[in-house]
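Engineer: With chain A fixed as given, assemble chain C onto it according to the hints.
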Amino acid sequence: MPNGLFWIVKVPDSAVEISPDGNTLTIHLENVPVVDAFRFPPPVPNNIAPDEINISPYQLIRARASFDITYSKTQGTARHIRPATDDPLSPLNWAGKMWDATNSGSFSVAYDDGTFSASGTFDSAGNFGEMGKERNGFFVRRDEEEDDGDAEAQAQQSQSSLLSLKPTQVSKLAASGIAKQPEKVVLLKERVPVKVSH
Amino acid sequence: MRSRLGYPLVLLILLLLFSVPLRPQIEPIANLKVLPIPLPGGDIFPPYGLYNQFFPGPPNQTPPFDPMNSDPHGITNFRGVTAMGYTSGPATDDSGNAYTVITDIRVYQGEYVGGETADPVNTAGATRSARARGTFVEI
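For the protein sequence lines, the chains are A and C, in the order given.
Letter by letter, the first sequence follows residues 0 to 197 of numbering that gives the first Met the number 0.
Letter by letter, the second sequence follows residues 0 to 138 of numbering that gives the first Met the number 0.
Just chain A, same shape as in the assembly:
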C-alpha cells in the first residue's frame, strides 16, 4: 500500500460488534475494494527488467470482497503480554491481555471486470488465533502500569508461565503444507502454515 499499511482498510465502527462481555467480536463487510495478487509476493510481470522490480512490480486485479466473521475467546487462556524489549522493530515490543480465539465465517469475492467470482466458508479449527486488548508504540510504556492489578491474567500466567511455548495446535498436515489437498488451494494472503480441516 502506498501508505505502508499492509493490506489494511478503514471501516466504520458499526461494521464491528463486540459483545458486552468482550468474549465475541463479529464483523460484517460488503463490497470491500481489494486486489487479487494471486500469491504472496505477487508475481512480477515478465516484461519488467530486474532493476525495475521495486518500481512498479506487481500485477494486481481489482476485486470486491464481502464477508462475515465471528471471533470468540477461548475461556481460560488469558495471557498477559509485557514488552520484552525496547527495540522498536521487534515483534515483542507491545503489551496487552490476549486470549486464544477461534473464528469462523463466510465470504464472497468477485473481480471488478466480472471474469471471476467465488464464495465459501472458513473456520480456524486447529489453527492459531487470538483476541484481546493491546497497545503498542506510543502507548506501551505510557500505560504499562495499567494491567498491574489484573488478577485473572496473572493467575493464569502462573499456571502456564510458558504459554508462549504451548504445544502446537497445528497438525503435521499443516506443517507439510497442504499437499494432500485434492482441490486447488488459494492463498488469500501470505505464507501461513494453516491446517486444512475439511
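Do not rely on the hints blindly, as some may be mistaken.
Okay, derived cross-link-like pairs now, DSSO-like style, lysine-lysine, Cα gap no bigger than 30 Å in a straight line [claimed, not checked]:
#: 1; chain 1: A; residue 1: Lys96; chain 2: A; residue 2: Lys132
#: 2; chain 1: A; residue 1: Lys132; chain 2: C; residue 2: Lys32
#: 3; chain 1: C; residue 1: Lys32; chain 2: A; residue 2: Lys9
#: 4; chain 1: A; residue 1: Lys96; chain 2: A; residue 2: Lys9
#: 5; chain 1: A; residue 1: Lys132; chain 2: A; residue 2: Lys9
Note that these hints are calculated values from the structure, not bench results.
Keep in mind that this is a model prediction, so the values were computed, not measured.
Structural biologist: Same frame as chain A, now just chain C:
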C-alpha cells in the same frame, strides 16, 4: 389551480424524507485527517522486502511462524481491541471449481496516534502527531 409541478415535487420530498443516504463502507486511508502509522517492524520476505506485519503462531511449523507473542497489529501507536486468526475452508467459483481458501483477517478497533499535516499552507505537508479513533481491518 394546482401546480403542474406539484406531483413531482411531492415525490421528490417523499424521496428525500424516506431515502437512506448510501455511505461508502470504506474510508480511503489516504483521505483520513489523521493517518495511521505502519508498525515499524515486520517480516522481511524477499523479493518483496519488509512488510509491516508479524505472523504470530506456535513454534516448529514449516514455514515457521513468528514467535507466539509477536505483535498481531499492523498499525503502531495503537491502543484497543485486536482479533486475528488463521483459517481454511472450502470455496467454489462461478464455474464450479473447488478451492481451499486460507485466510488471515485481522480486526483493530481503538485509538491511535498518527500523523496529520501541521501546516498545509506554509509547508509541503509536514506531519505532527495527533490522536484519532477508528476501526481497521486487514484483509
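Engineer: Please go over all the hints and tell whether each is borne out by the structure.
Structural biologist: Here is what the structure says about each hint:
no.: 1; hint: A:Lys96 - A:Lys132; result: holds, 6 Å
no.: 2; hint: A:Lys132 - C:Lys32; result: holds, 25 Å
no.: 3; hint: C:Lys32 - A:Lys9; result: holds, 12 Å
no.: 4; hint: A:Lys96 - A:Lys9; result: holds, 24 Å
no.: 5; hint: A:Lys132 - A:Lys9; result: holds, 19 Å
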